[in-house]
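Q: Make the full structure from the sequences, and use the hints.
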Amino acid sequence: MSSHPNNLQHRQPRAAVLTSTALWLSLGGAALVVASLAFYLLGNENDPASNKATAVARRGSMTISIVESGTIQARNPVTVRSAIAGRVAIIELIEEGSIIKEEDVVLPDVQYTEEELAQKTPIVVLDSSQLEDAEVQQDISVQNAHAALIQAQASLEVTINQAESDKEEAELKLELAKLDLEKYAAEDAGEYANALNDAETAITVAKKELEQASDTLGWSEKLAAKGYITKNELRADKLSYDKSVIALKKAENSLKLLQKYTHNRTMKELKNGVTQAERALVRTRTKAEADVVQARATLRASQREYDELKKKYEFTVSQKDKCKIYAPRTGRVVYADADSGSRWHSDEPLTEGSEVYERQALVHISDDKEMKATVKIHESMRTRVRVDMPVQIQSVEFPGVVFTGKVAEIADSPDQQSRWSNRDLRVYRTEIHIDPSNVKLRSGMSCRAEILVAVLEDALSVPLQSLVRLDGQPHVYVIGSNGKETALAVEVGLDNNRRVHVRSGLKEGERVLLNPPLPPDAIGQPPRGNVPELPATQAKPKEQADNPLGNLDREKIMQMTAEQRRKLFEQHTKNMTPEQRKVLLERIQRGRNQHPNNSQSSGR
-13 MSSHPNNLQH
-3 RQPRAAVLTS
7 TALWLSLGGA
17 ALVVASLAFY
27 LLGNENDPAS
37 NKATAVARRG
47 SMTISIVESG
57 TIQARNPVTV
67 RSAIAGRVAI
77 IELIEEGSII
87 KEEDVVLPDV
97 QYTEEELAQK
107 TPIVVLDSSQ
117 LEDAEVQQDI
127 SVQNAHAALI
137 QAQASLEVTI
147 NQAESDKEEA
157 ELKLELAKLD
167 LEKYAAEDAG
177 EYANALNDAE
187 TAITVAKKEL
197 EQASDTLGWS
207 EKLAAKGYIT
217 KNELRADKLS
227 YDKSVIALKK
237 AENSLKLLQK
247 YTHNRTMKEL
257 KNGVTQAERA
267 LVRTRTKAEA
277 DVVQARATLR
287 ASQREYDELK
297 KKYEFTVSQK
307 DKCKIYAPRT
317 GRVVYADADS
327 GSRWHSDEPL
337 TEGSEVYERQ
347 ALVHISDDKE
357 MKATVKIHES
367 MRTRVRVDMP
377 VQIQSVEFPG
387 VVFTGKVAEI
397 ADSPDQQSRW
407 SNRDLRVYRT
417 EIHIDPSNVK
427 LRSGMSCRAE
437 ILVAVLEDAL
447 SVPLQSLVRL
457 DGQPHVYVIG
467 SNGKETALAV
477 EVGLDNNRRV
487 HVRSGLKEGE
497 RVLLNPPLPP
507 DAIGQPPRGN
517 VPELPATQAK
527 PKEQADNPLG
537 NLDREKIMQM
547 TAEQRRKLFE
557 QHTKNMTPEQ
567 RKVLLERIQR
577 GRNQHPNNSQ
587 SSGR
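Note that this note's numbering gives residue 154 to position 168 of the sequence shown, counting from 1, and the numbers run on in steps of one.
Worth flagging that the hints you see were computed from the coordinates, not collected in a lab. No false leads were mixed into what you were given.
Distance condition first, Cα-Cα at most 27 Å in a straight line; then the derived DSSO-like pairs of lysine-lysine:
1. 470 x 38
2. 426 x 87
3. 308 x 106
4. 236 x 224
5. 257 x 273
6. 159 x 257
7. 87 x 306
8. 159 x 273
9. 273 x 153
10. 229 x 242
11. 355 x 392
12. 242 x 169
13. 193 x 229
14. 493 x 38
15. 392 x 426
16. 308 x 87
17. 308 x 297
18. 296 x 310
19. 217 x 193
20. 257 x 169
21. 308 x 298
22. 236 x 194
23. 362 x 392
24. 224 x 193
25. 254 x 159
26. 224 x 208
27. 153 x 257
28. 229 x 194
29. 246 x 257
30. 164 x 153
31. 254 x 164
32. 87 x 355
33. 308 x 296
34. 242 x 194
35. 169 x 246
36. 296 x 306
37. 194 x 224
Using C-beta positions, here's what the derived DEER-type ranges look like:
38. 494 x 408: 38 to 44 Å
39. 127 x 62: 40 to 46 Å
40. 225 x 157: 56 to 62 Å
Source: prediction; values computed, not measured. Glycine is no exception: its CB is placed at the ideal position from the N, C-alpha and C atoms.
A: Here is the structure:
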């Protein structure tokens, strides 16, 4: 019940793969095919159907499931990382496997006092000696910058505020006035251009409606003259025509009014607004510039210096506080992998005295009771999987133990990592939540997950390979009591990659061909549905299987000379693919095994 995409939707024709035998045929075996065709066409007429592989349609319970390998992980792990810039040594480190208790948890969005933090035990303590020295020096620099800033603010407090306020207001008015003018007068998307386009569009629409109303009225007049419509219907069409004439006139008048009056008035008002705003800005700047320009520059420099020094000081204080790392949740502690590829300077495990860098993962904290299995479902199976479907999980570390769970999440897009390794592969990450168990699972365990899609009771089924598609409908070939093959149309349901559920069209106990015939033109072609499809204009199934060369007439061939047969076979086989030659040779060999006398006579 593997979920590998070998179901009906992905079955390739049986000769679609180029094997070493087919490769040999393409290089030097064509002559052998030509030499053997006479036996195939002339000496293989009585191939008994009973010699072909068959299977019995049977009823019973049928489980539809998808099995994939995956990895067990913590459902909601929390990774603790170093937040200290540069490289710093570890002073204290919690023991791996320790359990974090509720009293030692420090939530990131909660403010704690120093007394509260003193009661909690950190999981990692980093060296803070260099940060403490930098904190003292930066504190002195911040105090000096703050004093200079207060002095500049006191001398300009009243004047600077008023001057800046007036200037900003004048600049804003000028900017808005220019925007209003530009918004109205823009050629491509201005208000006037849009209004003009709307007016012209209204005229075009009115003309079209008038033209349509005129045509309708003309036809109505002709129909009324012959008595096909009533006078009321003719009168209604006349009224529609009159309304269209009035609507067109109104639209033309609106366009003239816009171009001649409205546009000119609006332009003058907007241009005057820009001129007045420019004059007001000049007056405001002249008044404020003499008083505050030098003081403003001084204040700006003082403010910038103070801000930069204060930012550095606050960052140093926060870095020092982050040297003590507390657990953000309860759970079990696991050291981060040393072989993740990011710890370039050392492959040694995390210990006290190790140097770590910013954003390096230190430990993972997870709850052993909340575990999940992550698998990848092929795109052919994704539509079968639903959230909340039951799942059975087995781990190689606990043989014989079956864990239960449910499908919790199915990715909406294919897994990019899998596509990077194989561009043609489309798989979807699927998350399975595992039910709590007395057996303790750990992150990183490999597992085998079986997703139970459905359980069909008393279902009639046949092997999957017995289906073909004829004229768009699934069929099976049934072997009758007389050995004759008959194609029956069937309605199929789900399959488990071995057998397929037959809803109707087949009876229990009937025997079906395991290798239904395929036409030569289907060789090497991609599947066209849930099962291989045969063309609608094909010959009868048995005739087509016995005669892969299509329309060659057996009686005419029997009347030919050996040289004529050879030329005819060469003409029909020279364009065959290696796969087609391989299939033809296999059928010839089967015929020889069943009819040794014919084989000897054809080889003379």
